[in-house]
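> Using the sequences and the hints given, assemble the complete structure.
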Amino acid sequence: MTTTHHPTEATLLEYFSGTLDEGRRIVVAAHLEMCASCRRLLSAMETMAGDHLVSTPPEPLAQGAFERTMARLDAAAASPAKSHPTAHDLPVKVRALESYELGPWRWIGPGVYWRGVVLPEKGTSRVFLLRAAPGTHLPQHTHEGTELTVILKGAFRHEGGRFGAGDCDDADDSVEHSPIVEDGEECICLVAMEGTIRLRSLLGRLIQPLVRL
Numbered sequence: 195m196t197t198t199h200h201p202t203e204a205t206l207l208e209y210f211s212g213t214l215d216e217g218r219r220i221v222v223a224a225h226l227e228m229c230a231s232c233r234r235l236l237s238a239m240e241t242m243a244g245d246h247l248v249s250t251p252p253e254p255l256a257q258g259a260f261e262r263t264m265a266r267l268d269a270a271a272a273s274p275a276k277s278h279p280t281a282h283d284l285p286v287k288v289r290a291l292e293s294y295e296l297g298p299w300r301w302i303g304p305g306v307y308w309r310g311v312v313l314p315e316k317g318t319s320r321v322f323l324l325r326a327a328p329g330t331h332l333p334q335h336t337h338e339g340t341e342l343t344v345i346l347k348g349a350f351r352h353e354g355g356r357f358g359a360g361d362c363d364d365a366d367d368s369v370e371h372s373p374i375v376e377d378g379e380e381c382i383c384l385v386a387m388e389g390t391i392r393l394r395s396l397l398g399r400l401i402q403p404l405v406r407l
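In this note's numbering, the protein residues as written are 195 to 407.
Just so you know, these hints were derived from the structure itself, not from any lab. Note that beta-carbon positions come from the ideal geometry of N, C-alpha and C, so glycine has one too. Take the hints with a grain of salt, since some may be wrong.
[Said to hold, decoys possible] Taking lysine-lysine pairs in the DSSO-like style, the calculated list, with each CA pair at most 30 Å apart, reads:
id, residue 1, residue 2
1, Lys316, Lys347
2, Lys287, Lys347
3, Lys316, Lys287
[Stated by the list, open to error] Quick list of simulated restraints, FRET-style, between CB atoms:
id, residue 1, residue 2, range
4, Glu261, Gly297, 39 to 47 Å
5, Thr263, Glu203, 30 to 38 Å
6, Phe210, Gly378, 35 to 43 Å
7, Lys347, Ala259, 40 to 48 Å
8, Pro251, Pro285, 46 to 54 Å
9, Arg289, Gly317, 17 to 25 Å
See below:
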């Protein structure tokens, strides 16, 4: 699989440093599953960070740090693993979603379905799946926050180019677009959205209440 669109360098750096919120982290992780070049970049970052740690003078641990770490590991091991089989009924395997519960597909307009991803805690991003039939014109919209999208299946086009399986559309409030799903195959996307979007069309007004959940 060849990907041509990737998360921005700032987004990848936040993912690497662990400061990316959970919703966007899921989307970046899904992209990494499908993008060898971003995996290589992340591996290079890890190597550089390791070299830096080796050259950094050691610092003594805070009192009780070891005991607290072991207690957290014991607590994690004692917690029963949760199984969410709904994450496995997608037409493509997405490891980034395997530990999350998915809601049912909900019809939100002609040829378009929405499905929520349940996060354990409310964060800055809402995460959901969108499925659109071939040839569907998705509503023109602009952003009041960020919208991070990875294409799991199919492809769409908009003013920024063509986005196929594995590609990542990293948009912010400077972007306005109106995606059109390519003919021949349905398109399924995983989306993390911060803030709100302004939707222009009738279909957009139908979707708006849902994406605010």
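> Of the hints given before, which are not true for this structure?
Failing hints: none at all.
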